[in-house]
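Asker: Here is what each chain is made of, one letter per residue.
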Amino acid sequence: MSTAVGYTAVAGQIVVVGAGAPLLTGWMRQVRARLEGRAGAGVLQPWRDARKLLRKEPISPVGTGPAFRTAPALLVATTVVAAALVPLLSTDTPVSGHADLIVVVALIALGTLVLALAGLDTGTAFGGMGASREMTVAALVEPTILLSVFALSIPAGTTNIPAIVHGAVDEPARLASPAGLLATAALAVAVLAETGRIPVDNPSTHLELTMIHEAMVLEYAGPDLALVELGAQMRLTLLLGLLSSLFVPWGIATSPSWAALAVALVLFAAKLTLLGAVLAAAEVFWAKVRLFRVPELLAGSFLLALLAVTASYFLSGAS
Amino acid sequence: MGLLRKIRDTGRVAEPAPPRPEGGVPAKARELGGSVQVRCVDAGSCNGCEIEIAAAFNPVYDAERYGARLVASPRHADVALVTGPVTRNMAQPLRRTVAAMGEPRLVVAVGDCAINCGEFAGGYGVEGAVSDVVPVDLQVPGCPPEPAEIIAALRRVTGR
Amino acid sequence: MPAGASGDHRRAAESDGAVSVIPAALATATALGGAGALAGCSLPRGMRIPVVGALTAGVGVGGGAVGVAALGGSRWAAALPGVLPLAGTHLAVDALAGLFMAIAGAVVAAVAVYGIGYAAGHGPHGLGSRTAQAVLPLFALTLVLVPVAASVSTFLVLWELMALASLLLVLAEHRERASVRQAGVWYAVMTHLGLVLLLIGFALFAAQAGGETFAALRAGAHTVSPMVRGLVFVLVAAAFTSKAGAVPLHAWLPRAHPEAPSPVSALMSAAMVNLGIYGLVRTGLDLLGGGPAWWWLGLMATGGASAVYGILQAAMASDLKRLLAYSTSENMGLVLIGVGASGLFAAYGDRPLAALALAAALLHVVNHAAFKALLFCAAGSVLRATGLRDLDRLGGLRPRMPVTAGLFALAALGAVALPPGNGFISEWLLLQSLIHGLAVPGVAVAVVLPLSVALIALSAGIAAAVFVKALGVGFFARPRSEQAADAKEAPPLMLAGMGLLGAGCAALALVPGLLGDGLDRAVGAVGLPGSGAVAGGGLKVRLADVSATLSPLWVVAALTAALLLAVGLPRLYGRRRRRANARLWDCGGGAPTPRMAYTATSFAEPLQRVFDDVLAPEQDVNVTPVRESAYLVERVRFQHRVPDRIEHRLYEPVLRALAGAGQASRRLAGGSVHLYLGYGFVGLVVLLLILAVGW
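Protein chains in written order, with my numbering: chain A, 1 to 319; chain B, 1001 to 1160; chain C, 2001 to 2695.
Honestly, the hints are just simulated from the structure, not real lab data. Values in this document were obtained by computation on a predicted structure and should not be read as measured data.
Residues from chain C that face chain B, not an exhaustive set, calculated with beta carbons under 10 Å: (1) R2575; (2) A2580; (3) A2582; (4) R2583; (5) L2584; (6) W2585; (7) D2586; (8) C2587; (9) G2588; (10) G2589; (11) G2590.
A few chain C residues that don't get close to chain B, going by computed Cβ distances all over 12 Å: (12) P2044; (13) Q2208; (14) W2294; (15) E2489; (16) K2540; (17) S2551; (18) L2565.
Just so you know, even glycine gets a beta-carbon here, dropped at the ideal spot from N, CA and C.
Let's have the full structure, built from the sequences with the hints guiding it.
Answerer: What follows is the structure, given as structure tokens:
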């Protein structure tokens, strides 16, 4: 339905993810600080960081090329398109027809890829190291994500995300089934790996040899760094939003009405606040896993996804 | 669940914030608007100042609540916290580190050694004080300076 | 007795629609091919290369025209009794043949243009030599003609001609490197092994079905017993999957492709391996008319293994062309998964889904041809400019060869199967057909389909790492060797050929709907209903309870808009406009040398560790102590290699057994005339006994 509500929903999703991502990061840092007994910098600190970085001097290291210069913008662009597609606020938007889960997953992978190319473009040892590790983790996460997609599409009969979410809203029992729970667990681990959070990667580490994502961006400064950080924060927000849309879909507007959209906005903020707090609290309890143990973790999540698919198939009565 | 109980029993560790330090925000730092990323550079110190800087960022003093954050690369940083007298081998790396930071940037010399070579003045391996190598914007005297003083210097930069 | 041999020389021709385009274009292509061969033999070197290149491009255009006409709905058949002894020649063009002819024709045309520039830069030997230039048009002609064959003998003759022509071309640079000869031997042996298997399989089929033309085979297939059909399928599938480069009979691919001149590698990877798929689809789905599930499950297993094994070996390869060769193996594995899924669904009766799976597989063949040809051409451009294939010694090529780098990046985008590339579109369609395949009953299906999806996902993920490695290490950062530092951009003809291929990749990525009806007709040629999947605005999957859409144009438009947003907003907010050129942050210690940058080997190291058990890397440390004391070390030699494990486990025992058997049978050749006469006598007696008993 190409109504004004639909277009507002799409724009709203982009704005919420774009402007809310630093807020979510600030909230997560604040939760973590309070659990660790510190006072914390406040929820608005990442916005201040972004504002300052935008006003700093843009730097181009000598010897880097277009891959390095365009990667931050491309990263943000892929996340923006994915944010427009995923039904965070409404399943009834003008772009609902294009919102295929495989396409969204592929767009996120494209963002990872351009940043890895930028890391290699610097020609430094750390850039290459970060790119190498990031692509390895991304390669190992792909089977889990696609199998989870498979598991989710079986009951809905399609890979179109608004259709899956709509189906889940109509039939909540689907989510509490073994297949649903297994797929949730698998996708949660995959999201942790894809966004570079503990236990796969520590986003606030200074030890280069333990870095996966940070090592690729050591060379960025000023507005480029602002875009890179914003891109990473937006990916986290988007993927947590995707998790909440798929597994806690109540509240998402299924009809083109302003009231439903407003309710969806409030509930989305609430869901993400809760998810962010849970993730931040979990990070206090977990330690980062050794790089060479990460494949074991990802293999475990792959098995969960495979079980989700087979459970979904066998328990849905089709045999 | 032992950790959960410990968190609940420990509660808040951070001490209440002391009053704002004197002296306004340096002109350069006004653009930063309350967000400062810090890169520590050890130009030859005995590590006493490093321990105090580490203490400044621990839960008791919690420098992060004023908007300062430690980062991994000078490209990400606005402030370079330089400690120690600058040794001959560290002179050029220090210049390169500060040059790698984007404008606006500040250099804060932490400790007596950084200000005037302190105990190591005249040593054969010492090139000079930090101000002999790169322009210094703020100084934190002491051997080593207390974490509260380091935080006061950072608060002057962030303005919080 | 072969059915098509008629006594008189009248041509039996039938055609619909555009009456004389197909035979005219075929005749033109053949004539141009022959003229090209003559020109290659007789012209002096200066004129030889451009003339042969132009004539070869003409062959490609002619073949492509036939293909496009066939995709548009025309059909044509002819029997030429005189051309081949005994059996005569039967030719037929339908939409399936047309698709492969169109692909081959387009690739040949672009690569021929590229080849003129490539051969001109080399000396009198290699691709510019008389032999190579004479054989090149013939090779191109056979690539275009193999799908036209409509009888077993015609097919096998053209197949063998193609193999011989490609063998001569692979050996073109044998004077420059010793490894070329070894590659030639491997290629010759394996392609002829495939020919023998094809011969046995087709002969068996023709004997049981009562005729050797494809029409007779098709009609008589249902009279053949299931056991014989199964045997025929296994033999034929082994040969065709070997030609397509699927494990375990893939060993010729990573040897022959790197050693061949780059235009030849491009033709082989983008046009010749497709004919393995063509043969498989033609025989399995058309001539045999489908089969039981175990055929297709085996094919899917082969495809899945090829996909993962191929891309893993590509990840470990630091030789650029070897990497691309193994990537061909991976993509053919994906196509085999699609073909296998199609047969499987058809075997269980779900024909619309089978059509969708086949359409996905064929679309992937098209996309792969486009980006793989471009990748090999770009690799050839790099090889010509630097003399190096080793990624560990390349680097820094982007500022020196910007067009090559840009086109390589475009092709790599297709190869990593991510939007907005063209590889993503066919992979999306393949995943859709597999995901919705669970509607088909059967426990085997329920187990195989999720595993296939997982294998496709894994291979796609590793493919992304592989091409980040190839592009990032090979083209970005700084040159790691003097040759890379001295690289210059390729000459205009090479760039023109690559540009044509790049335009093809872009067109397939943005408007795949151009292929739409043609693809449906090609799928329909094997008897499956048209799926209507690829249509005007993009891709639509419409099955009984299922729907999904993908609009590549929309994705590109959305990405462009978002990119403008991402670039524009910071500009609005930022204060400083002038971008400073700063020294690379080197941790303060001094300028980083190119030696400090990550190489291809180091890039692949984490993946190698993860897949340690599959790859079984070998490490060798040789310590040479000083003569005076064993405790002091004079030299240490460290060698690390990742061998092809399938070769190690499968080929080497077989080769050793053969060698042992050969040695043992030397005792049979005693040298005594009486012994040989005795052999002859015994052989004759045994033959008479067999004939007497068997009659």
